[in-house]
Every structure is written in C-alpha cells, then in structure tokens.
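Participant: Following the hints, complete the assembly by docking chains B and C with the ligands onto the known chain A.
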Amino acid sequence: MTATQTATQTIETKASPAPFVGRAMPRVEDAALLTGVARYADDLPVKPGTLHAAILRSPHAHADLLGIDTAAALAVPGVAAVVTGADAQRHASAFLVGVRAPMEHWCLAIDRVRHVGEPVAVVLADSRYLAEDALDRIEVRYRPLPPVTSIALALEEGSEPLHPAVGSNLVNSRRFRYGDPEAAFARAARTVSVEVEYPRNSCTPMECFVVLADYDAAEDSYEVLSNFSGPFAVHPVMARALKVPGSRLRLKTPPHSGGSFGNKQAVFPYVVLMGLCARVAGRPVKWVEDRLEHLMAATSATARRMRIDAAVEPDGRVLALRMEQTEDCGAYLRAPEPASLYRNHGNLTGAYDIPNLAVSNRIVVTNKTPTGLNRGFGGGQLYYGLERLMNRVAAELGLDPLDVIRRNLVAADAMPYRTASGGTLDSGDYRATLEQAVREGALDTLKARRDALRAEGRLYGIGYAAVVEPSISNMGYITTVLTAEERHKAGPKNGAQATASVAVDPTGGVSVTVASAPQGQGHRTVLAQVVADVFGLRFEDIRVNTDLDTGKDAWSIASGNYSSRFAGAVAGAAQVAATRLRGRMAALVAGPLNCRVEDVRFAGGKVFSDANPDNSLSFSRVAAAGHWAPGTLPDGQEAALRETAFWTPEPLKAPTDADHINSSACYGFIFDFCGVEIDRTTGALRIDRYVTMHDAGRLLNPLLVEGQILGGFAHAVGTALYEEYAYGDDGRFLSGTFADYLVPTACEVPVPVILHRESPSPVTPLGAKGVGEGNCMSTPVCLANAVADALSGIAVDEVPSLPITPAKLAALIHPPEPPRPASAAGSGETSPPAAVKGGRGLTGEGSREVPATPEQVWAILLDPKELAALLPGCEALDLVGPNAYRAEVVVGIGPVRGRYTAEVALSDLDPPNALTLTGSGSSALGTGRGTGHVRLERTAGGTRVTYRYSAEVGGKVAAVGGRMLDSASRLLIGQFFEKLVARAGGPAARPETPSLLARLLRLLGLNR
Amino acid sequence: MPPLTSTSALTAETRHAVSIVLNGTPRTGHAHPRLLLSDFLRHELGAHGTRVGCEHGVCGACTVRIEGVAQRACLTLAVQADGRRIDTVEGLAQANGGRMTALQEAFRRHHALQCGFCTAGILMSLTDYLDRNPKPTEEELRDMLSGHLCRCTGYAGIVRAVMEVTGQTMKEVAHV
Amino acid sequence: MKPASFDYLRPATVADALAALAAGGDDARVIAGGQSLMPMLNMRLVQPRLLIDLGRLEELRTLRVEDGWLSVGAAVTQAEVLARRTLAQEVPLLAAALPWVGHFQTRNRGTLCGSVAHADPSAETPLCLVATGGEVVLRNLRRRRTVAAADFFLGPLTTVKAADEIVECIRFPLARPGSGHAFREQSMRHGDFAIAACAATVDGERASLAVGGVADRPTTRSWPLVAGGLPPDLDDALNAFAWDLGGDDDQHATARYRRDLVRRIGRTVLEEALSCRR
Ligand SMILES: Cc1cc2nc3c(=O)[nH]c(=O)nc-3n(C[C@@H](O)[C@H](O)[C@H](O)COP(=O)(O)OP(=O)(O)OC[C@H]3O[C@@H](n4cnc5c(N)ncnc54)[C@H](O)[C@@H]3O)c2cc1C
Ligand code: FES
Ligand code: FES
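Just so you know, the protein sequences line up as chains A, B and C, in that order. UniProt numbering applies: residue 1 is where the first sequence begins, and numbers increase by one. UniProt numbering applies: residue 1 is where the second sequence begins, and numbers increase by one. UniProt numbering applies: residue 1 is where the third sequence begins, and numbers increase by one.
Don't take each hint at face value.
Stated by the list, open to error - Below, in silico cross-link-like pairs of lysine to aspartate or glutamate (DMTMM-like), each with a Cα-Cα straight-line distance of 20 Å or less: (1) A/865 x A/845; (2) B/171 x A/440; (3) A/865 x A/855; (4) A/808 x C/249; (5) B/171 x A/878; (6) A/47 x A/219; (7) A/489 x A/659; (8) A/653 x A/485; (9) A/865 x A/888; (10) A/493 x A/657; (11) B/171 x B/140; (12) A/47 x B/140.
Honestly, the hints are just simulated from the structure, not real lab data.
Same shape as in the complex, but just chain A (with noise of 0.2 Å):
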C-alpha cells in the first residue's frame, strides 16, 4: 500500500513528533480480543433469575394464522412463560413505517405470517435448552395462502396481497424527472439498455443478535443490553412500540460486537419483543440468536431489479439516463425502508457528468425475510445496473470499456460537482486517479496477459467499474421516498449528527465517549489518535469507551454504525471536542503562563507558552487545577473538563420541492479492474488479479484503511460468486446453514492489490470519508464485466445473474447437453421416478406393471387399512369424512425423523381408473404437502399402475438439508408406491439394483 503523508493543518503540535493521525497504529482494542477476554454481549452477566427465550417460527411463507396452543408447552418443567401476538396486542404496538400505507409489523405475528421464521411465539424458561423442548409443544394451526415469490410476481395484478387493507403488493411508487431526460434521448445517437436483477444475500456477521431485556413495573421502563449497532434513529421506533417515551428505554451496547456490517440494526424487533417478554414473565429475560435463526429471518439486502435506458452518442458520451428500479424489501417495510432505495439517490449517476436523469422506484413486499442494513446498502444494487449498462455501451459501440468511462467521468475543476439528482460531488479528480490505477496496477501487463491466454484457448476476461462510495448518510434522504407536500406535512429532515465527548480527569487522564457502536473496527485506536494528537500526548495516554448508554451517554438519531459515517462524522466531532476542550484549558493556563490563549501551545505532554516552550506545565498540573481551583478562573470562563460536540454536516440538507437531494456528505471515488478466468471443463471461475483503486479522502490510519477494503472486497467476493438467500417457488427458504450460504474462506478470497490517492474532504472536520463499503459497490459488477469480457466470444454481453456459480457459466459454455441415449433408463418394463423439477417444488412420475385387476389395485386404495399400511411410517389413519383421513406418520430417512399430523384424502375418483391422492402435514421439521395422480391401466398382464406426483416440502428440514431434499422426498414417495405395488403382487424390485429387495423387505418391517 501507498504510504501517506498528509499535512495536519488543524492540529498544532509542532514541538512534538509526528501525529499520530495518519499512521499505522496497531489497535487498542486487540489484547482483549487476543487473548479472549474481550466481553460480547453473550460474555456479559445477567442478572439472577434470568429466563432464557426460544423463538417458535413460521415454518410457511404465508398463511393466516388461526390459532395457538401453548398449553403443553407451559407444562414442560422449567418453563415460566410462552408469549404469543396477544400479548404483544395488550402491551406493545406495531412498528412505525417509513411509507404511508396501511401496513402492520408487529415483534410477534398477530394474524398472519408473511415469511418463513417470522416469529409466532416466545418460550420463556430456565435454560435455553429447555425452552427449545418446549417449541415442539407448541401447536399452531395455519391456513396457507398462496406465496408471492418475486418480485415479478409481486406486481402481478392477482397476486395475493400481503398486507390486505394495501390491497396490492406495490407498495409505494415514485417518479422523479431531473433536467431534459426526454429532450435527451430524442437528440442521442442511440439508446443502449440493460436489464439486471440483483439478488437477495446478506453480509452475516459471526456473531449473531443478543438481547438482554428487563421491566421495570414501578417506573415503567425497560433496560435492554443488545449488540445493536443503530441508527439510533429506530430507537424511537422501539420506544413507540413498547408505548413509552424513549427516555424510558434505556438502550446498552456491550463493550464488543462481532461484526455488524449494518445487520446488527435488524436486531431491533427482537430488542422490543424481549422488553415484551420481560414485561409479562415479569422477570428479565436474555436472547440469543442461534445461526439457523439469523440466516432465515433476520434480515437481508434487498433484491432489485433494474432497467436502465442510457441516451448515448456515438463516442460513448451518456447524455441521459432512464432507469426504473424495483425493489423487494420482504414481507414488512421495517425502519429504516425503504431506505435502502434511497441512500444512493444523490449520486444515481455514479461517477458520471449525466446531466438529464428519468427514475421510476418502486417498492414491493413479498413473502421473504424483511430486508436492512448490508454492507454496500443499495450500492451494491445500483452500480451493478450503472456499469454493466456503461459496459453494454462500449460493447454496442465498440469501443473500450475504459474509454466510455473515461469519457463520461466528472471533471475535477467541476468538483464540487452537483449531480444531477441533488448530490454534491465534494472532491477528487477521478480520471487522474483511473490513469494512476491503469499504470500503479499495471493494466497493459494484464492486458497481454488475457492476450497471450486467450490465444491458448483459454477463458479470460478484464473488467473495470468506477463508483463514488457515499458516505455519511442525511438523515433526510429517506423521505425522498415521501411527496414534497407529505414532507412538508411531516417537518424536514436533514443532517446527520454526530457526537462526541472528552473529559479530563484531575490526573490529566483523558477519556472519550463516542455513540459510535463499533463493531470491530477499531474506533477506539483512531479515536485515541486523533484525541492524542489535539492534546499532544501520547497515544496510550487517552482511553476510549464506546460501550453506550442511553440513559447516560450522548447522542441523536444519527449516532451508531452505519453509512460509513465514523471517520468522516464521529472522528472529526471527537476532534472539534478535543480541540474546544483544549481552548478551555488554555484559557486556564494563558494567565500562569503569562501570554495569549492563542499562544498556548500543547506538546509532549507539557503546555507552555509558543514564546517561551522552556516554561512548561505538565498536562496533569493543567487538569489538577481545572479540578481543584476552578475559582482562580477569569471571569466568566468555564472550568468544566468535559466537552460534548455535536457536529453535523453542513452541505445535509431535507430534499427540495424539486426533489433534490444531497444523500451523503462525502463521496469518495473508487476505480478497479480485474482479471478472471474460467475453466471450460467446470464453469469455476478464477480471480486471477484484481486492482482497486481508493480515494477515500485523507486516511486517518492506512492499516485500519486496509483492513476495511479487504474486508469489503471479501463480502463482495462472496456477493459476486457464493452467497444467496435462495427460496424454492412456493416460499420455502433454502439457506438455512453456513453448509448452504456459503460464505468464502481463505482459499476463495485473493489478495487484492490496493491503491490510493488522497483528496481531503472539505465538508468533514479532519477531511476523511467513508472507506467500508466500496468494494461491495464496486466488486460484484467489476468481476461481472470481466465475465462479460470472457464469455465476449461465447455469448455476447450475457453475464449470469448473481452468484455467478460454476453450473450458471457451464450452461453457457458448454454446448447443448447430448441427449439421453435410448439405451439409458426408461426402457424396460419399470421406470424409476424421476425427479423433474416443476415450476413448485419436486415432481415426478413412474409406471409399474402389476399382476391383479385393475379392481383390485382400485380395492387397495379405496380400503383405510391398506392405505394405513401404504403410508410411509403410518401409525394411525382416522376417517374424518368421505375419503378423508387424519393419520399419524413419523416419516423422514435414516435417523432424520419427524411425527407429523397429516390430512389424506382421495379425490377425483374414477374407479377403478383414476384417483387423486393428497396429503399434507407438518411438524417440529418443518411443512410436506404432496398431490399423486394415479392412473390405472388394464394390460394383458395386470394393471399398469402410472403415478405422477408434486410435493413441496417446507420448514426447518428445507432451509438445512436442500441438498438432499429431493432424492429424499422421492425415497419417501417411491416407498409408497413400491409398497403399493407389492400389495398388489407386482415384482418387489426393480431388477437392476438387486439391493432394492432388501430395502423393500426393511420397509415393510419383515426383517426384524
């Protein structure tokens, strides 16, 4: 990495050596976290008595939810409390949201479930194993209702609507229209579109959501302890929902977090159903969030599909764009949505000079996990459509992909450039960095390098992406979502405040407190070093604290862990603190001293005068009598040590009329190109080399720098190639294990080489922007062009959706799949089942040749005996009416086994020719529903008995096992039939797998 030498014009420490700003500090923090002593929220100790809470969740995507029975769960030994929706009716309410529609989302279903591990129900018992035992007890009785799956089903017009009293699933609609886009496109030569869709991931920290909650009944407030990470802008939304006044939710966050990356926010429904929980069991109550439960409803970035027209000359210059975004925020619009749509709405076009700009945004829910905060936030989202779309413009005009950036990049004398959506483009000049990122990377070399492999026949593409990282989020942006005459109804919001305070204590021990909710990035050594360097003394002479109280501690709405906003907003308000307090002590000491305040100089942990450093104080002596003697003060002076800023971005204004909107205070700059190569055997592609350029404003300490970029990148890399939260067509969720969602590891993550340039920002007080969250806008495009660049010869300009896996790439570099030989199964005189997948769930069909009547087989149906005895793991069959039965089966393969109520019924009855048989359960596993056709054919021999089957199967067992969900659903149902084939006297076996006697023989119990 570049070395960095910047000035420190603000600071004057001119007697001491270089500050400490700037430098590569290792962390305070790291000890503790060496060494294990470091504490986490599940580390801390809760008080006596403490109830542990398990989550019943819904195992459907959508149902309405008729009833809950908690009564055997209650009689398990140790469990004090299970607190279902009525509870939450009586004490909480629902949870405000950011759009003007009637929508509820209540901390516990009330009605209706709208995704799989929504929570129904809490058990509250002595240990968490425990109150697990008693989940299973739970019954609750659902109506399924049909699922809306995507987004494309959301806006169809019959769709189910989630939320009734909406009456659609197209929540919110806007249009914006910003200069000539109209005029534009009439005048360009041509209009190159692209049409992309982003998909559902998430960044999953290690550490997962703890709550600790407790009521007090006298006051009536509530003290929680949670890893939550902010804005602290949903802490009024908590207090609304548990009907009290914020000053009466005493919100703590623990010493340490194990990573955030904006998921610890979604934390936030828990922290109110826990302060529930405490409230009715009347006992504190602790939550832990296992990895099953945080892959399936904790929260998720959104999904977005995205078109964007671009009005283009014929030298690549863009001199409009149209896009029309449609987001998926899930099943409920949770604080803060829609506001991942918005956050990048100041800088829509990038890092472009696009002067005319159409959007339409639109907002679907649809049975999914309710989507926030993610690493990237809606640039991730974006970017893939912007630079795939400038890519598509030099692939349609053939031209170099890194000309038409070029050519469209703002120009630095335009800095501070004003976009044309309202956002000010506040420093930089971006084509002098891309050139100095084309030749410090070594582009040319890369180059012949995809020449020289290309000419072997191999697979090798080069992709570039260029992106302004926003950072610093206004708290205004989010109602752009709202009209300017619902603004003006609501009041404007604006800023993004910052805090910070600094006490000195009568030793001269200087302490700082920031509500900055740090999740593990080091907060506390970049404090301590911009703090040291204002007071000039030594790094290890200044304590940190960024555990937060608040009941105690300073903050607003805009404090936490989000939008990138620490270096920029937190480290520049502690340093406007520092530097007030240290005017304070000088005024304190000018007299002594015998000179001007201004004079007073700070260094080496002495004060003395600039004119005579030789007659020094020591800085305690200073602090002892700020403390001791704060009558020798001049009139009117203050003695007080301690000093809170408050500090907000001045250029953060509410949206205008026109919808303008200046969505962050700083936009760093950020340029990559990469090199990939894919094998033509598997589809597995390679990150052979990949260069990202930053300009981040000054950097504060370039080691911390470092490890941001690398670990954004890391995400990306995942977001690119690995990670979705895969759900199957009828809402079954698909990703429940870190088996499933597949987070990289060593040996899927390259070393990225990583470049700098520095331009101060001028907004913020130490000049720093944002740094974390590039590469998630910049990586999964950049590798995506590359492909695109790859696959050029193959397919033109067609890139896979995310995650580009190996099996998307294979279908598109291999040829046409030979057909299946006639020799292969399917001749002869039995069919296997095989497995087609349908449009839901699995589906397959076979046909067996059986020695009796048509009659006969017709008999084994139709008798409840006999089906009893076909019925996999069947121990009871009741008839409830006609051809309706209620059975108990304990169905599932090997030890994997769950007791299921199911509902059985023959329909469609044609005797003796054809039926229907369905049936449907569920258990503590999770949901089966199946339909079989079954058709009844006279031969010479028999009966030729062919069954057609679809069954979905839903639950805990779908989002663990999905690998072998389907060959085990097709065990199950081959077993039936097997059985039935047998009962009718037909051959037990198929002839090729001898091995199927014995398994037959084991079915049917006549082995033991």
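Facilitator: Okay, now just chains B and C with the ligands, sitting in the frame of chain A:
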C-alpha cells in the same frame, strides 16, 4: 488417554460432574448429557474466550484443543470431554508467562482481526496445525484456514501474520 | 439450537455398546466423531433417547493391513488415516480423496466408518469404498456380517445396516500393482460436499468410474479397455452413465451441470488413471 475400564451410563435428567484440565488447571463443573462443550466452557466454567458462531461445525469460532487436537467445541458434548485436557485461547498467553505469544503479536501487527469473534478459534487451530506442520506453504495454510469463517478481514492479515511467524512472506497478488 | 434430551452411554467394550444398541432399538444412536450427528442433534433433526459413544473404544481403534485389505476401525479418524505414510501406496484413491473431506478441524474428529454409516450421497469415503470394491463389516450382538460396498448404500442417509448393528470396520482392497487411480471433485467452496465427485480406476483390462453427489448414492460403472486404451465410444458411454445417474437441481447447481461434470471430469479422471498406472 487411558482406555476406559467400565461402562458408564449418564441419565438425561441429571447434571453429572465433568472434570477437565482447562489450560493446565483442573476444573470441575456439572452438565446434563446434552450440554455442548462450548456452552459448558462458556457458561458453566466462565471461559468465554471460546466463541460460538454457528453450532453446526462450519464457522470454526468454537475451535478448542482437546488433548492437543483442534476440534469443534460445538460438536462435542461436555460429558465427552470428561477427564481430558482442554486448551482454549485464554491459555495461550498464560502459558507464555502472561505475555502474548509470537503468533498473537503477529496477528496484532498485521491487523489479522477486526471484530475478533473468529480469532480465538483460528488461534487454536493454528497452534495445533503449526505443531504438526511448522512451515506450511501458503496454499496449505489457506486449506487449513478454510475450516474457519472470518467476515471482517478477508483473511489477508491472518495469512500474512502466519507466514511471518513461520519465517515466510505472503504472495501479494495472484499472478504477478 | 440445542439438542433434545438423551441418556449418554460410554461403553467400556464393544459388547456393551452392542447390547445397549439392541435394547435401545430405533431410539438409540451411536456417535463416533459426531461431525455429522452433532449438527443434526443440535438442529433437533435427530432426537435419540440414548446416545452410545464409540469414540473411546480401543477395540475399534484398528488401522491395519490384513489379507490384502486395509481395514479401518470405527474409532479411527480421517486425520489418522491421512497421516498413514503408506496410504498412497495401499489405497491411492483414498489418499487422494480424504483431503477433500471437510476441513483439518473436522477430520481431526470425523471417522471413515461414521461417514459410511451416515451415507451422505456426496461424501467421499463411501465413494472410495464403492469405487475400490470395498466392504463394510457390520456387527450386532449375535453376529458379524460383511456387505459389499456396492450393496450397502440404498439412498440418502439410508443403508442396509439394521438398527442394532454398528459398522465395526470398513475394508478397502489394496491397490493392485499396475493399476491406476485418479480422483477429482467440484464443490462450491473448498471443503464443501461435492457437487460431483469422480473416482477412476484402471485395473487389468477394465476402467471404472465411480461418481458421488449426483445419484442418491455412490454409483460405479466400468468398461473394458480397448487395445490398452479407453474405449473409443467413451463419450457416449459417459453420457449414458450421466443420464442414468439422474441428479437433482439444488440452489447451487443444476442436474444438467452435474451430468456435465460426469461427462467431463469423468473423462479427465479416467485418462489420468490410465496414464498413472504403476
Ligand atoms: C464443516 C463440515 C464439513 C464437512 N464436509 C464433509 C465433506 O466434504 N465430505 C464428507 O464426506 N463429509 C464431510 N463432513 C462430515 C464428516 O466430517 C463426518 O465425519 C462424517 O460424515 C461422519 O463421521 P463421524 O465419525 O463424525 O460420524 P458421526 O457424526 O458420529 O455419526 C454419523 C452417523 O453415523 C452413525 N454412525 C457413526 N459411526 C457409526 C458406526 N461405527 N456404526 C454405525 N453407525 C455409526 C451415527 O449414528 C450417525 O447417524 C463435514 C462435516 C463438517 C462439520
Ligand atoms: S460454533 Fe462451532 S463451528 Fe461454528
Ligand atoms: S475478525 Fe470479525 S469475523 Fe474475523
């Protein structure tokens, strides 16, 4: 381990005494048969330096050394650990006269950790692994590290730290 | 995510373990390395009443060559087998495939027999056992029986092992002089279960290919060599094999991709096996 001499049956409802040698010190706690070793260490013995990130064996945060061998505490029952020597992250500096080991120091220098949640497990794997393979190639090292998930660092600092401790340097860029 | 309640038995002898297993029936479960069972217990997918721990049984800690077989006992870990210096000569396929099983940390605990008993269709150890023509030695209180690996696996997590039996050991035939072996797999990430794994053996006049991760169990097919080389219509034969294996779509890969891998990696490993005959 000496072979067992008699069959022992532990009933589900009872908390049974479990004695281990934790970082060199004999410790006894009580556990139902189903209690996970990770929970036993953290909540029964108060050795919370071992972290829990998935409870299904993939993330590696809970990795401890049992009889010197790195393994998942979340895939081990406390009763299975009875009578065994268990080493956790707290023991590393303890065994080094209270000062951080060279590996820990290298982690700090190379910014091999951010939130630190994955760190304890990685250190415990590494101490076992480097005992067996003192000078791994970068490829071998990354192969071993694939048993750990870190969401913060992108692994570069971790690899750099280990390469330095083993007297080597990391490949900075894939092909150049 | 915590296991349901169970009694725990640490038997001192295999006989005790088998007696307990016979008494417990379907409600009892043995645990070896726990690397597959513990996650299922933690997720409450499996809820036995009694857990019988084989881990400390010295009788099952056998790893030796006898009568032309490498015999691996039920308490032997993947790491211990990998550390065997002569493994690459004895069972070269296993030496090539074992490093693909999970990770350093899980191999320190997981056993080969446990993997075979567990019968994950993508697991490498069952694949090697089928590919080499190995055997599974099953034992209950009354008797010991040996089942050919090809007959042992019935489907996902489903085998011919009865509830009262344990896998006492598995036996791999030693590689014959002049035979060649190759193994490759494609997975999403390093250490993941295979999307498709291919193990090839060329021995005497036949070439065989065993595939894991595609069908619901490891499956093998063989062809006669033609003039000392692979059959000229190998592509067609591999295509037929791929289609017969079937395979399913899941969220990471399609059935078609799996068949593609069988056709392509299948050929690669067969060629490698042919060229590395010793
Ligand atoms: C993160 C991770 C990644 C993994 N990746 C892979 C991989 O890529 N490939 C792979 O093949 N495996 C993988 N595994 C699983 C592998 O590590 C297991 O070791 C193996 O599947 C089971 O062996 P075990 O000794 O741990 O068995 P256990 O988990 O103890 O038991 C598994 C099942 O077999 C039964 N059983 C065990 N031993 C016997 C016996 N002797 N007789 C009768 N029944 C018995 C048990 O009752 C149980 O039902 C992975 C595991 C983890 C945690
Ligand atoms: S907690 Fe044990 S491996 Fe993740
Ligand atoms: S340092 Fe946070 S997960 Fe590794």
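Participant: Compare the structure with each hint and give your call.
Facilitator: Hints and how they fare:
1. A/865 x A/845: Violated, at roughly 25 Å.
2. B/171 x A/440: Status holds; Cα separation ~18 Å.
3. A/865 x A/855: Within the cut-off at roughly 17 Å; holds.
4. A/808 x C/249: Holds. Residue 808 of chain A to residue 249 of chain C sits at ~12 Å (cutoff 20 Å).
5. B/171 x A/878: Roughly 68 Å between the alpha carbons, so the hint for residue 171 of chain B and residue 878 of chain A is violated.
6. A/47 x A/219: holds, 18 Å
7. A/489 x A/659: holds, 15 Å
8. A/653 x A/485: With Cα atoms ~17 Å apart, residue 653 of chain A and residue 485 of chain A stay inside 20 Å; holds.
9. A/865 x A/888: Within the cut-off at roughly 13 Å; holds.
10. A/493 x A/657: holds, 13 Å
11. B/171 x B/140: holds, 13 Å
12. A/47 x B/140: violated, 46 Å
Comparing the model with each earlier hint shows violations of hints 1, 5, 12; every other hint is respected.
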